[in-house]
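Below are the chains, spelled out letter by letter.
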Amino acid sequence: MPDRAPDHTRPLVEVHDLHVRFVTREATVHAVNGVSFTARRGEVLCILGESGSGKTVTLRTLLRLLPARRTCIEGQVLVDGQDVLAMSTKEMRELRGGLAAMVFQEPMTALDPVYTVGQQIGETVRRHTGCDRRAARARALELLELVRVPSPERRLDAYPHELSGGLRQRAMIAMALSCDPRLLLADEPTTALDATVQVQVLILLRRLQRELGMAMIFVTHDLGVASEIADTIAVMYAGRIVETGPVAEVLSNPLHPYTIGLLASTVHGQPRDRDIDAIRGSPPDMRHLPPGCSFAPRCSQRVAACLTVVPELRFPSRDRMAACLAVPNSI
Amino acid sequence: MAAVIAQIPVLDPRDCGGPQQPLLIARDLRKHFPVKGARGKSVQAVDGVSFTVRKGETLGIVGESGCGKTTLARLLLHLVVPDAGELVFDGDAVNAPDGLSVNALRRQVQMVFQDSYSSLNPRMPVRDSVAFGPFIQGKQKPEARELACDILAKVGLDPDLFGARYPHELSGGQKQRVNIARALATGPRMVILDEPVSALDKSVEAQVLNLLRALKRQLNLTYVFISHDLNVVRYISDRVLVMYLGRVVELGPVDAIFKDPRHPYTRALLASRPSMDPERRIEEPPITGDPPNPIDPPPGCRFHTRCPFAEAVCEATDPTLELWQGPESHIASCHMRDPGSGHSQAGNA
Amino acid sequence: MADIVTLDRPLDVFAEQAPPATRVRGYWQSVFYRLRHDPVTLVFGAVVLAIVLAALSAPLIAPFDPYKESIIGRLKPFGWGGHLLGTDELGRDMLSRLLYGGRVSLSMGVVPVLFATLIGGMLGVIGGFAGGRVNTAIMRTMDVFYAFPSVLLAVAIAGAMGGGIGNGMLALTMVFTPPMCRVAETATTQVRSLDYIEAARASGASTAMIIRYHVLGNVLGPVFIYASSLVSVSILLASGLSFLGLGVRPPTPDWGLMLSTLRQSIYVVPLVCAVPGVAIFITSICFNLVSDGLRAAMDVRM
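Protein chains in written order, with our numbering: chain A, 1 to 331; chain B, 332 to 680; chain C, 681 to 982.
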């Protein structure tokens, strides 16, 4: 990988008009339909969406972790100025684990069960830095201490199934951090964890992100998790980003009807004698998306135009965006 | 505080004992699963759990993985036979010689399972899956099918549109509605809901919760609602039971539990909930470590390995649950609440 | 405080807006749909059908009497005197013997598999559903038979019982029952742990009801696929038994037996002697390919 002088003015990740389709004999799934966003150094971007919104596919496209044969990708994805979609296999391998690393949802399946934790972390270190076994082990120990694993020397020689869920996730985070990535991608890393463990891992991730100055893109479906970890939040629905902004503003003053509905329907201290304000209907079938705004069939504020025209992006203030005709444009 | 029973239950024709008699009493339920290969060791899934469920209320059961709540759900329906302890349904002992048979229990109690994907037979149309229960309990097939269509309409699925569909054609929320319909098809008085909304998206979760509330009112049901999500439990329950490693650690009315948690584990659990306010994030984890393995539970109080207030007495002896003195009582199982335990904080709480 | 809603007011406020967009299609309909769009399987399926029909209608289409011998017309090549495929070592018409022999060979292929599916399948479902000691008893008994290579076992059993078509079928049934039992047991065990079985138990269903309504439908798929792949093996094994003299007795036509008796004449009319072998080969391979196609069609990700 050619050495580039770090350009601190550019965002670390730039995605322009990304479209991802999965083509099978029976149907074409339009997973991502025109997604654009940026992520800056030292910032945590949270992509919030429900299942089928395209958030995981978007994240995996950044490292091209999608099945090659069935996938059709269009658009531009730049990581640190390099075009990810045009990279060769060798360059891709340098990128993965090197500049950008990923933490997955299920640590039990993301870790190889026949190798110890120390061996797996060491393998990543050796692959990217070319050092010897002993140095790799020392680095692995250092990393386990960084992620606050108790008794790290003993855990180095533990197999994944011997560790608890929280420890396994910490081991996976250690593996991701092993080569000082500047970009950390997290695909719902706390969804499978218990509440008391989830809060520990979130605090850990936040601390590490701040200390190491990484950019982090965190995918989740949980508003609470987003409120705990994000600086900026991007809400996705049916393969499109419908709203972005600083997390405090989006949560206190949502603009897009979907975000409003999501906030109202999230169970959090509602009075017990009244129904929750649920969003009507169900998410669209990603194989047959309706024309126009994908949320229109469920939207209480829709007008005729919403059903025929994909809403353009509106920018009501400098750092807010909403893809809705009802939102005024101030720029 | 508002009365815990929000309504006076209409008496079911099968009722015996009136509204004052608890619908379900569980006494000292115990279930240990032997571990294959490790002689003498067992997974102590449920280890001495006792509680009551009153007619017309919703009892919420919360806990993290390994606490035994799923095993408890299956014990209540005798899908798993308890090693010890007893169940009393509306005054009749279950599986006792002169009490209620397990089959009779299953006519009055039903369950909604967690995983909507594996809880429906993939080769059966939805209407047949729902009609299976009434068919087993003696109805003829056409009558059972009609009942199924009726129930599907009640849960918000148009039977003409959805009746002939197969589970793989439905979304998660729709599958869960079918599960609820299946549980209600036989006309039970009590429904055990094992994490019914955990696998659903948040927007669908809200719909299903509203549905459950309405069905409870309409069909005069009693719920046992098991979940790991505290916010959902707070919304839907009248009383809450907190479990840890197979034991009950706290039990009480929902407002009392959430405003004044008495067990250190309950406090940690409540403090682990995300604040939903980015200005007031959680800075320090309220508790460290993972829930321990139910195969080798710690001696004494099972929570002492993670408890910030643990002392020598906590490792030495098991705390007992305080005496239950009626439906309003708020009890916890902690040495700090027992004046004679020897804990330095005992009697101060 | 909430009102008590009377039982006859409908809950239309919850009505779902969007029904699923796909057409209603059951499992077997999906299977047929896939098969219709799979040309390879269709072609070979047609060949299988042709072979079966030809064998069934042998009395109608056979040009000669398969038992009529002829001293002068022995071992004649293709086309001699109206015999399309020549004559065998006793002067009998090859084509007619092939058609009549097909009946024997095909039935020795299908019948043992049928019985093995019924017996083995039943044992497998019982073992898989019961679990524990019952399962262990059944499966370990099957393992005893499974330990022997199938050809050896078939030969040993048929030989011990003295040959003949009935004993041959019995031997093959015993050979195929253990693997069929294993397939059924695996499928049943997988299904048994799923929640809808628990739900059926919770609604009060007896074991027999649960097996009938919930287990069988889900187990039938893998069992059927495996059975269809066994037919091709069965044809081969049956021909092998006949070849060794442990199957039908002469003069009944049977492909394996024909292969055996024509062995010495291979230097005289090699093409004619190869005909029964080619018949065995084609039939077996066609069944095999159809079975593969069925597996692909039935392995529906639902």
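Just so you know, not all the hints are guaranteed correct.
Claimed, not checked - Label pairs and their calculated CB-CB ranges:
1) B:G671 to C:A817: 40 to 48 Å
2) B:R370 to C:L722: 53 to 61 Å
3) C:V814 to A:H161: 48 to 56 Å
4) A:L65 to B:D608: 45 to 53 Å
5) B:L410 to A:A326: 46 to 54 Å
6) C:Q709 to A:G213: 51 to 59 Å
Said to hold, decoys possible - Stretch-level coverage of chain A by chain B, calculated; a stretch enters the list once three of its residues show a Cβ under 8 Å from a Cβ in chain B:
7) 192-203
8) 215-228
9) 245-254
10) 266-277
These are computed hints drawn from the structure, not numbers from a lab.
All figures in this text were calculated on a predicted structure; none of them were measured in a lab.
Where a beta carbon is used, it is the ideal one built from N, C-alpha and C, also for glycine.
Taking the hints in turn, this is what the structure says about them:
no.	hint	result
1	B:G671 to C:A817: 40 to 48 Å	violated, 55 Å
2	B:R370 to C:L722: 53 to 61 Å	holds, 58 Å
3	C:V814 to A:H161: 48 to 56 Å	violated, 30 Å
4	A:L65 to B:D608: 45 to 53 Å	violated, 34 Å
5	B:L410 to A:A326: 46 to 54 Å	holds, 51 Å
6	C:Q709 to A:G213: 51 to 59 Å	holds, 57 Å
7	192-203	holds (count 9)
8	215-228	holds (count 7)
9	245-254	holds (count 3)
10	266-277	holds (count 10)
Consistency note: the structure conflicts with the earlier hints numbered 1, 3, 4.
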